[in-house]
Amino acid sequence: MATVSVSPQTFNVAVLQVTGTNSTGLGSSFNVGSLAPVTDTALASPGVKLTVDIQAENTKGEVNSLTVAVTDPSGSNGFFGQGTITWDDGDSGVAWIEFTGFPLRADQVTDTGECGLSLQTSAEDVAVRVFTE
18 MATVSVSPQT FNVAVLQVTG TNSTGLGSSF NVGSLAPVTD TALASPGVKL TVDIQAENTK
78 GEVNSLTVAV TDPSGSNGFF GQGTITWDDG DSGVAWIEFT GFPLRADQVT DTGECGLSLQ
138 TSAEDVAVRV FTE
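In the working numbering, the protein residues as written are 18 to 150.
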């Protein structure tokens, strides 16, 4: 079974291993690899606090890891979160990681509505679906 570890460099955002998402959308689906990293922007639904859920499946069952980072796109470095999903040999299961608890923006009134998102594996491609709330 895959495990999730949180980078000690994480601050002002919670990184959690979860079993699913509360999002009602279909999410964005793509493959991520060591030679095909992905960068994107995750957006909150209007009026909803930002939560980013990532579903990842190691379809080949080989030793692999997926590192996911969320960053503050405002340039003020208000938060940083990084987590790694690790699969052992023979583990082809699905794992989830969630980023939540984003801080208020610099005005201390407005909820964080977006974050930079980067994903990369240590070996083979993994199938990923990103959900936001």
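Derived from the structure by calculation, the hints contain no laboratory data. As the structure is a prediction and not an experimental result, all values here were calculated from the model. Just to be clear, a hint being listed does not mean it is correct.
Listed next, the in silico SDA-like pairs over lysine to any residue satisfying Cα-Cα at most 25 Å (straight line) [stated by the list, open to error]:
{"no.": "1", "residue 1": "Lys66", "residue 2": "Asp106"}
{"no.": "2", "residue 1": "Lys77", "residue 2": "Thr101"}
{"no.": "3", "residue 1": "Lys66", "residue 2": "Asp105"}
{"no.": "4", "residue 1": "Lys66", "residue 2": "Thr27"}
{"no.": "5", "residue 1": "Lys66", "residue 2": "Asn39"}
{"no.": "6", "residue 1": "Lys77", "residue 2": "Thr41"}
{"no.": "7", "residue 1": "Lys77", "residue 2": "Gly37"}
{"no.": "8", "residue 1": "Lys66", "residue 2": "Gln99"}
Here is how each hint holds up against the structure:
1. A hinted pair counts as satisfied when its Cα atoms are at most 25 Å apart, and Lys66 with Asp106 does not qualify at roughly 37 Å.
2. Restraint check for Lys77 and Thr101: the C-alpha separation of about 18 Å stays at or below 25 Å, so the hint holds.
3. Proposed proximity of Lys66 and Asp105 is contradicted: the alpha carbons are some 34 Å apart, above 25 Å.
4. Our distance criterion of 25 Å between C-alpha atoms is met by Lys66 and Thr27, whose separation comes to about 19 Å.
5. Using a Cα cut-off of 25 Å, the hinted pair Lys66 and Asn39 holds, with the two alpha carbons roughly 12 Å apart.
6. Distance restraint check for Lys77 and Thr41: the Cα-Cα separation of roughly 28 Å exceeds the 25 Å cut-off, and the hinted pair is therefore not satisfied.
7. About 21 Å separates the Cα atoms of Lys77 and Gly37, which keeps this hinted pair within 25 Å; it holds.
8. For the given pair, Lys66 sits about 19 Å from Gln99 by alpha-carbon distance, which is consistent with the 25 Å threshold.
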